[in-house]
Amino acid sequence: MTRLGDLERAVMDVLWDSVPATSDGVTVREVADALAGRELAYTTVMTVLDRLAGKGMVQREREGRAWRYRAAASREAHIAQLMLDALDLGGSRDAALVRFAHSVTGTEAEVLRAALSAEAAGATRAEAAGAARAGAGPDRPDSGAGHPEEALADRIDAPVTRPAPADEAVDR
Numbered sequence: 008m009t010r011l012g013d014l015e016r017a018v019m020d021v022l023w024d025s026v027p028a029t030s031d032g033v034t035v036r037e038v039a040d041a042l043a044g045r046e047l048a049y050t051t052v053m054t055v056l057d058r059l060a061g062k063g064m065v066q067r068e069r070e071g072r073a074w075r076y077r078a079a080a081s082r083e084a085h086i087a088q089l090m091l092d093a094l095d096l097g098g099s100r101d102a103a104l105v106r107f108a109h110s111v112t113g114t115e116a117e118v119l120r121a122a123l124s125a126e127a128a129g130a131t132r133a134e135a136a137g138a139a140r141a142g143a144g145p146d147r148p149d150s151g152a153g154h155p156e157e158a159l160a161d162r163i164d165a166p167v168t169r170p171a172p173a174d175e176a177v178d179r
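Quick note: the sequence shown uses my numbering, first residue 8, plus one each step.
Treat the hints with caution; some may be incorrect.
What follows is a list of derived Cβ distance ranges for each label pair [to be verified]:
#1 A73 x R106: 39 to 49 angstroms
#2 A84 x R106: 17 to 27 angstroms
#3 D31 x G129: 34 to 44 angstroms
#4 R16 x E115: 19 to 29 angstroms
#5 G44 x L89: 18 to 28 angstroms
#6 G98 x D40: 43 to 53 angstroms
Calculated directly from the structure, the hints in this document are not laboratory data. Quick reminder that beta carbons are idealized off the backbone N, C-alpha and C, glycines included.
Kindly generate the complete structure, drawing on both the sequences and the hints.
This is the structure we're talking about:
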């Protein structure tokens with residue numbers, strides 16, 4: 008997945024924040040108006056939207072002489088793909104997932120537990136996302152299959168320990 012530049016991200020934020028998935032989309036003028044504080048030329052916004060369409064980030068549909076644009080995927084799907092791409096950068100995916108599990112807050116761990124439990128129980132992605140947002144889900148079965156997701160779930164179930172700040176003395 009392509010990382011977005013500052014202006015591309017601003018344009019995508021307009022699409023993600025103001026265009027429902029059931030909408031026909033927005034025009035270049037509407038996006039430019041939403042970015043009025045940036046004082047961008049209409050043609051600049053048009054170029055950014057055209058490039059985003061070329062990258063597969065937006066879908067466009069002809070309406071008369073103009074195009075209507077909408078995001079090709081949700082913000083959450085984009086962020087999840089960025090996270091997966093980061094895991095592919097090299098090294099051990101398992102080690103990166105464990106390191107990530109060490110860094111999440113308690114609330115974030117609950118969301119991950121619920122999503123992994125729903126996924127293990129065979130829930131659809133939409134149901135798993137709903138369970139994750141609710142912070143609840145069926146208990147994760149102990150399959151012992153050794154999948155990275157299960158390793159992450161096991162790590163998330165363990166207490167999160169963070170190193171003490173460097174300026175504090177630690178007795179060992």
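Hints and how they fare:
The hint said 39 to 49 angstroms for the Cβ distance between A73 and R106, and at roughly 47 angstroms that hint holds. Distance hint for A84 and R106: a CB-CB separation of about 23 angstroms, consistent with the stated range 17 to 27 angstroms. Range check, D31 to G129: about 35 angstroms between beta-carbon atoms, so the 34 to 44 angstroms window is met. Look at R16 against E115: about 23 angstroms separates their beta carbons, and that is inside 19 to 29 angstroms.
At roughly 26 angstroms, the beta carbons of G44 and L89 sit within the given window of 18 to 28 angstroms. Range check, G98 to D40: Cβ separation about 45 angstroms, and the 43 to 53 angstroms hint holds.
Going through the hint list in order, the structure satisfies each hint without exception.
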